[in-house]
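With chain A's structure known, arrange chain B on it following the hints.
Number of protein chains: 2
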Amino acid sequence: MTDATNRQIRLAAHPVGMVEERDFELAETPMPSPGDGEALLRTLYLSLDPAIRGWMTGEDTYVPGIKVGDVMRAGALAEVVDSRSPDLNTGDLVLGMLTWSDYTVVRPGVDIVRPIPRQEPITAFLSVYGATGLTAYFGVLDVAPPAAGETFVVSGAAGAVGSVAGQIAKIQGCRVVGIAGGPAKCAWVTDELGFDACIDYKNEDVEARLRDTCPDGIDVYFDNVGGEILDAVIGQINERARIALCGAISRYNDVEPAPGPSNIFNLVPKRGRMEGFIVLDYLDRFLEGILQMGQWVEEGRIKYAEEIVDGLEAAPRALRKLFTGENTGKLIVRVAT
Amino acid sequence: MTDATNRQIRLAAHPVGMVEERDFELAETPMPSPGDGEALLRTLYLSLDPAIRGWMTGEDTYVPGIKVGDVMRAGALAEVVDSRSPDLNTGDLVLGMLTWSDYTVVRPGVDIVRPIPRQEPITAFLSVYGATGLTAYFGVLDVAPPAAGETFVVSGAAGAVGSVAGQIAKIQGCRVVGIAGGPAKCAWVTDELGFDACIDYKNEDVEARLRDTCPDGIDVYFDNVGGEILDAVIGQINERARIALCGAISRYNDVEPAPGPSNIFNLVPKRGRMEGFIVLDYLDRFLEGILQMGQWVEEGRIKYAEEIVDGLEAAPRALRKLFTGENTGKLIVRVAT
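One line per chain: the protein sequences are A and B, in this order. Residues -10 to 326, numbered by our numbering, are exactly what the first sequence covers, in order. Residues -10 to 326, numbered by our numbering, are exactly what the second sequence covers, in order.
If you're looking for bench data, these hints aren't it; they were derived computationally from the structure. Any given hint could turn out to be false.
You can't tell identical chains apart in this list, so a pair holds if it fits in one copy or across any two.
Keeping only pairs whose Cα atoms sit at most 25 Å apart, straight-line, the calculated SDA-like set for lysine to any residue is [as the list claims (entries may be wrong)]: (1) K310 - P258; (2) K191 - S251; (3) K56 - N255; (4) K159 - V195.
Keep in mind that this is a model prediction, so the values were computed, not measured.
Bound-form chain A, shown alone (with noise of 0.2 Å):
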């Protein structure tokens, strides 16, 4: 292992705008080997989300932003080649926030790195039981709870995050309504998944969509992108409607900051609320979430789609896909298998 090279892909630059592949740089660096009490990982599978698109900006927020010159930052899964820790062993299949890059040298304790059952397909720890269906699933059940016989609006609802929101609040015996780009993307959603309706925000008029298939009205909205499609839901929304800000994928890449919600102050004769979330504060409530997830994904309850792109080197322009639209689900980069 100690003879071979490590390729690591590093922030060039700070992105202005989109995020462009000269943002980055590919550096060949020597083996690095685990010291007393760490670990030696090789990368499977990193997962791409747009939360990476703003620690891409430097500034430290929940998590220390990405300087230049640093190595870019995922959630990973890996296997341990070798291991001078008590808490990992040579084989093992962790799940960590790890790098860009082909090894990582982890200390167990420090570093967010945990063992996981090897139990097929290994991915759906990124996506289904991993960061974005967990976000669903406590954004749903925990922000913004929708009761029985509500309408709950999802947009993204194609993503790895929309998706699975969605047929949540399906489960909580909702009206559910996605908003996705592209007449492909909404027939998955309404076919597939079995929302009661998906608008096609590229080719139609939103709010026009939204009054045809709200027709009593938002209790519930799980936003994943911003901008123009908040407003139009906010000016729709019923009394005690519960909005929850899971991201904005419409704005990470904006340069200058766009104007909010003109309809924001609905929310007061609506006594409506709006807040924001980050599925980390839930870590002491994963397990549950997996458990649960588990059981609808057995049940056939929940399913969920995987795009994923092959080599470390095409993580760049993976990237990407999540802010033009391209990919349906969840968003992965296989390293090695």
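Frame of chain A; chain B shown alone:
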């Protein structure tokens, strides 16, 4: 009584932009007489509130909109001059949702009207013990509860709601920073009401002054104005910040919907919560609020200001003051004594 005429102020036109005197018309009508189960009231004081501007659009929200030709509506204090209802006695002082007129006929049990003790100053039932004081009370303690040691910011700090909200937050042990228009209002807010600081949004850079006066960030924001100030605050919130949306004076007279806060997605990394509320939802807790406010006023811990304008005919012009920022404290029209 019955040979007198009754002056009424009616809505002449739904305002476009800033509310103007031409949007109202004064009518002289015959004195009404109460039917069986009704009572005739003589208006003493009208409460002028920003919400009235919203009703004037004619749109039904949490209360029916005022249509062209309708008599204007307001919270008011009145005296029973003739009662054919078992629920009201001649001479009773009552608080109710009445009209901009010298006399009104009400039907107890249908119309919102209740006798109150004749305890001086009776105008306090329209201000500190009235809708504005209770809006502050429930907004602070229920919608956006602050903990001792937290930083609490309130806009419209010299207004009837904001001035009381800040003092309640002081009683909770917060660092309290007000935002108001002009040095005189700011001086009143800090010197008389005891806020820790007050930002003069007409003459100071709100964003920079928030950084100065809230060195530990903002935990709670009580928003009475919306607009750019809301945006500036959202940019400086702490984790788990709470924002109570009480109103948006800066927006009520807009012709075109203005853009909302471009910082709104700061709610996601900060896990912030923003919630609209309406004091009418707390009707069943009004007595609690009035008793607690009464105790604080008696102890000298809550001070309040009233600006009393004379004459029913002065009401249309007075209403404008709420939006031009001319008044301090609670704006009241004296119709009769």
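Okay, the hints, checked on the actual structure:
no., hint, in the structure
1, K310 - P258, "between (39 Å within a copy, 23 Å between copies)"
2, K191 - S251, "both (21 Å within a copy, 23 Å between copies)"
3, K56 - N255, "between (39 Å within a copy, 20 Å between copies)"
4, K159 - V195, "within (21 Å within a copy, 45 Å between copies)"
When held up to the earlier numbered hints, the structure conflicts with none and fits them all.
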